[in-house]
Amino acid sequence: MTNGTVSKDAAVAADMHREAEHEAHCDLRMEQGGSGDAGPAEKPTATADQAQFFGAYLVEQGVVSQQQVDEAVALGPGDTRSLEDVAVYLGLMTERQVRIVRAQQRRAKAPFGALALRAGFLSEEGLAEVNASQGSAHFRLGDALIRLGYATADGIEAAHTRFSRTGTGPASADPFAGEVTYETVREQFGKLLKRLARIEGSVKAGRRDGLEPPPGAHCVHISIDGSVPVRFGLCFEPALSLHLTATMLELDDDESDDPELIESGVAEFANMLAGRVQRALRPKERSCIKLPKPGTPKEPYVRCRTVTAAGLGILYVGVPDQGCS
Amino acid sequence: METCRTGTVLIVDDSLAMRRMLRKALAPLALDIVEAADGIGGLKLALQREFDVVIVDFNMPNLNGLAMTEQLRSSPRYRNTPIFMVTSTCDQTTVERGCRLAVTAWFYKPVDAALLRAKTVRALDQSLPPIASGSPEHPGARGPAGALEEPKLGTK
Chain A
581 MTNGTVSKDA AVAADMHREA EHEAHCDLRM EQGGSGDAGP AEKPTATADQ
631 AQFFGAYLVE QGVVSQQQVD EAVALGPGDT RSLEDVAVYL GLMTERQVRI
681 VRAQQRRAKA PFGALALRAG FLSEEGLAEV NASQGSAHFR LGDALIRLGY
731 ATADGIEAAH TRFSRTGTGP ASADPFAGEV TYETVREQFG KLLKRLARIE
781 GSVKAGRRDG LEPPPGAHCV HISIDGSVPV RFGLCFEPAL SLHLTATMLE
831 LDDDESDDPE LIESGVAEFA NMLAGRVQRA LRPKERSCIK LPKPGTPKEP
881 YVRCRTVTAA GLGILYVGVP DQGCS
Chain B
871 METCRTGTVL IVDDSLAMRR MLRKALAPLA LDIVEAADGI GGLKLALQRE
921 FDVVIVDFNM PNLNGLAMTE QLRSSPRYRN TPIFMVTSTC DQTTVERGCR
971 LAVTAWFYKP VDAALLRAKT VRALDQSLPP IASGSPEHPG ARGPAGALEE
1021 PKLGTK
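As given, the protein sequences belong to chains A and B, one line each in that order. For our numbering, count along the first sequence from 1 and bump the result up by 580. For our numbering, count along the second sequence from 1 and bump the result up by 870.
Hints listed in this document are in silico derivations from the structure and should not be mistaken for laboratory results. C-beta: ideal position from N, C-alpha, C; glycine also. Incorrect hints may have been included.
[To be verified] Some chain B residues near chain A, calculated using beta-carbon distances under 8 Å:
hint, residue
1, R890
2, I903
3, N929
4, N932
5, T959
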């Protein structure tokens, strides 16, 4: 296993070197978490065909060019990320948790995954997800494209979400039809909540009509303007608002017990969620995320979704005009 | 390797949580960090002192991040200062406009703290040879620092 700090720095330095080569052209790459370290070379567990299939989808969607896919595929298996970097990339572990496990690993000489499990930083389900992603041809291709500076992590993730949903490649004819918007919001909501609030296990959603936000809930609503407007609202119960804010800012709960900070943390969560939804729905279309507004919306939003995560309740206010299917 | 640097950083974000998050991310560098809660406040602070790095939120009330960057870039003093844009959006037109304004780097939220520190260190360490300032072909190129002009405070 490589030394975490050094390898992370090396990866960041490598990213910068590549970026410097692109800067002159002002390419549109954005920075985002997950500059992984290059782990030891290992044999790929998935076929090149799988990578090419996903690659063809990325080309068709206009995410990257065929030449860029070919270049990424040619990088080969040596560009594999370490397990811990995949865990961070997927939002299942924090960098701090990785450092703790790496320190334990130096003493215990045990596999990273086993120690992360023992420490409670990764669930068995999470470890399986990390292992699957690490060996996935899709992940490898996406990772190579990100490393080459041809795509962003969020862009690849969004494309993979659409790819997985359609199963056979091309997205459905009308990506905004029916429940897609709601499903996209819910899907991204769960992912982001897990990542930022460090909630392990599943985020369960249920239907309950006519719910009103509980006393003391922190509610926020936000909209994305564009040809297909998206609006949604969230209400967090006080305990979850506190936990979310504290985890996002890496503070102890008592340090973050500031109403203004909590309100801001919840609003920022909604803002990030809107960004993910925007990228998932229409990465190439011009659209604009409006500033998050506190409180529940005045419009007739559908209040029908409840979400339970780690025993902490959230009232998912929902998107308008789509009913409670 | 993260070591302390000398430098001043201006963080402009309407979100208290994001300002706290960015400040925490940069804390290991022991920089002098000043915060503003919107673009207009950020511009006023930029008038009072010169900052080595400016970190701006894209989506802010009154004056958004791009409009603020535009005003900063119109000042000779900030023509070449590294400006990082923090955003949750990825609208290509926006990014292209940011490129024209020579935004130094873009960061998606949630911001990767290690990458932000690395970029900040590089920005502080970087010292390119000066070239003639005011070249419209090279709006982001480094040039001699000029006197700070009063930016036109306006909302867009």
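- For the hint on N929 of chain B, just tell me whether its beta-carbon gets within less than 8 Å of chain A. Holds. Min distance 6 Å.
- Message: The hint names N932 of chain B as touching chain A; please verify it with the least Cβ-Cβ distance against 8 Å.
- Response: violated (11 Å)
- Message: Checking hints one by one. Is I903 of chain B an interface residue toward chain A, by the C-beta closer than 8 Å rule?
- Response: With a closest approach of 15 Å, the I903 of chain B hint is violated.
- Query: Should the interface hint for R890 of chain B be scored as holding, given a Cβ-Cβ cut-off of 8 Å against chain A?
  - Reply: holds (5 Å)
- Given T959 of chain B as an interface hint, is the shortest Cβ-Cβ distance to chain A below 8 Å? Holds, because the Cβ-Cβ distance from T959 of chain B to chain A comes to roughly 5 Å (cut-off 8 Å).
This entry does not satisfy hints 2 and 4, going by the numbered hints stated previously.
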